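Protein chains: 2
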Amino acid sequence: MTRAAQAPSYAPTERTVPTRARERAAYDHETVHAILDSAYLCHLGFIRDGAPVVLPTLFARVEDRLYLHGSTGSRPLREAGRAHGTDGAAPGLPVCVTVTHVDGIVLARSAFHHSINYRCVVVHGTAHQVTDTAEKTAALDALVDHVLPGRAADSRPGNDKELAATAVIRLDLREVSAKIRTGGPNDEPEDLSLPYWSGVLPVSPVYGAPIPSDDLAPGIAEPAYLPGRR
Amino acid sequence: MTRAAQAPSYAPTERTVPTRARERAAYDHETVHAILDSAYLCHLGFIRDGAPVVLPTLFARVEDRLYLHGSTGSRPLREAGRAHGTDGAAPGLPVCVTVTHVDGIVLARSAFHHSINYRCVVVHGTAHQVTDTAEKTAALDALVDHVLPGRAADSRPGNDKELAATAVIRLDLREVSAKIRTGGPNDEPEDLSLPYWSGVLPVSPVYGAPIPSDDLAPGIAEPAYLPGRR
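From first to last, the protein sequence lines stand for chains A and B. Read in order, the letters of the first sequence are residues 802 to 1031 in this note's numbering. Read in order, the letters of the second sequence are residues 802 to 1031 in this note's numbering.
Quick caveat, the hints were computed from the structure, so don't treat them as lab data. Predicted model, so just to flag it, every value in this text is computed and none were measured. Any given hint could turn out to be false.
Identical chains share a label here; the pair holds if one copy fits it or two copies do between them.
To be verified - No more than 20 Å apart at the CA atoms, straight line, and that leaves these computed lysine to any residue pairs for SDA-like:
1) Lys980 <-> Ser875
2) Lys980 <-> Leu842
3) Lys962 <-> Gly926
4) Lys937 <-> Gly1009
5) Lys937 <-> Thr873
6) Lys980 <-> Asp904
7) Lys937 <-> Thr832
8) Lys980 <-> Tyr828
9) Lys980 <-> His929
10) Lys980 <-> Tyr1008
11) Lys962 <-> Lys980
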């Protein structure tokens, strides 16, 4: 048994094994969690009235669970709660949560071999509303800290009214895969001498200098956890 | 009639009118197209075996049409073609295509009012495989140029074998909305004096210096359309 095979890993399933470029797929916790933890925005997919819907939303990972939140009035969050055994349907909301980082644009000599370097995690499963107050409060702290570690403790916690207005849903990490492309273009050997530039144009998100609120009380310094601070 | 009302606009539908924060929604072509054209990655949502799937993929806009591409072996592209009237189902593949830019992290005094500044477009509709060769070729050029304008003409065009291996799907822009959040935090009045920093941390994607392929032929300069060039 190789060392890699011993690392904790999500079991591949029919829908987490890609039909193409299988060598780009990864299932080990370390790779999957690193991709999730360096993002804070996901795209949440669900089915409404028989049609697919994809919405951007914040998320946080806590161990083997993803948490998403929103207004108790938002449609998917309502459905994740309402589906609990009211009409014989399976409880919860079937979802797909996808997190993508773009790392570079890959320019090949041929149009066909142009590509993107990326790191992506796709999670399939059923989301459930979190009703336990302690779990909900911890999830909301995690959502703030996932964007900016340290911020949850440096802001006013939610009060009862705010907690009641916020729905939190949980998606357990079970059916999960990462897909990663790195490196340069895969040009055809006969194209290497063509007179076109080829290589990779790196892309990364960058923070700008923080913009304080106009009504910020005097004497409040930029906190140390702000990555873009001057 | 106001001037804004005369601008070309997508008609709102039940599923493109948000249940919350309706003031953030926009339907005019100018706003929607600007968001689409400043991105090249979308998240494609579709239904497979009754469950939602969300995958990142490149796209290009040409007038009122979005084009996506992939291997003819990829599952959603196969389904977009195969569904053409073979089993009595409506032809094409019902999809949701979502494009999101994150512009900033909004830090409020209260955890509850933390938010994200973003620009997002959501397109609902049915995708169809493009079978016309001229449209397919133009779409593939648009896909390359949407990432880097000018690159399609500066690379080897696809040959017959490559065209045959690539599927292109089209999604007409009909049921479309943009959603935009800008500005600072919306703190409660009674929170303004709390001792927490508040404001916006800007975020934007930045290109690094291009990395040429190891086997780049000598004498080929970095092309002028590369945004990160030295």
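Status of each hint after checking the structure:
no.	hint	in the structure
1	Lys980 <-> Ser875	between (30 Å within a copy, 15 Å between copies)
2	Lys980 <-> Leu842	both (17 Å within a copy, 15 Å between copies)
3	Lys962 <-> Gly926	neither (30 Å within a copy, 38 Å between copies)
4	Lys937 <-> Gly1009	neither (32 Å within a copy, 40 Å between copies)
5	Lys937 <-> Thr873	within (13 Å within a copy, 44 Å between copies)
6	Lys980 <-> Asp904	within (13 Å within a copy, 25 Å between copies)
7	Lys937 <-> Thr832	neither (27 Å within a copy, 37 Å between copies)
8	Lys980 <-> Tyr828	within (9 Å within a copy, 34 Å between copies)
9	Lys980 <-> His929	neither (26 Å within a copy, 26 Å between copies)
10	Lys980 <-> Tyr1008	neither (26 Å within a copy, 22 Å between copies)
11	Lys962 <-> Lys980	neither (41 Å within a copy, 26 Å between copies)
Of the numbered hints stated above, those contradicted by the structure are hints 3, 4, 7, 9, 10 and 11, listed in ascending order.
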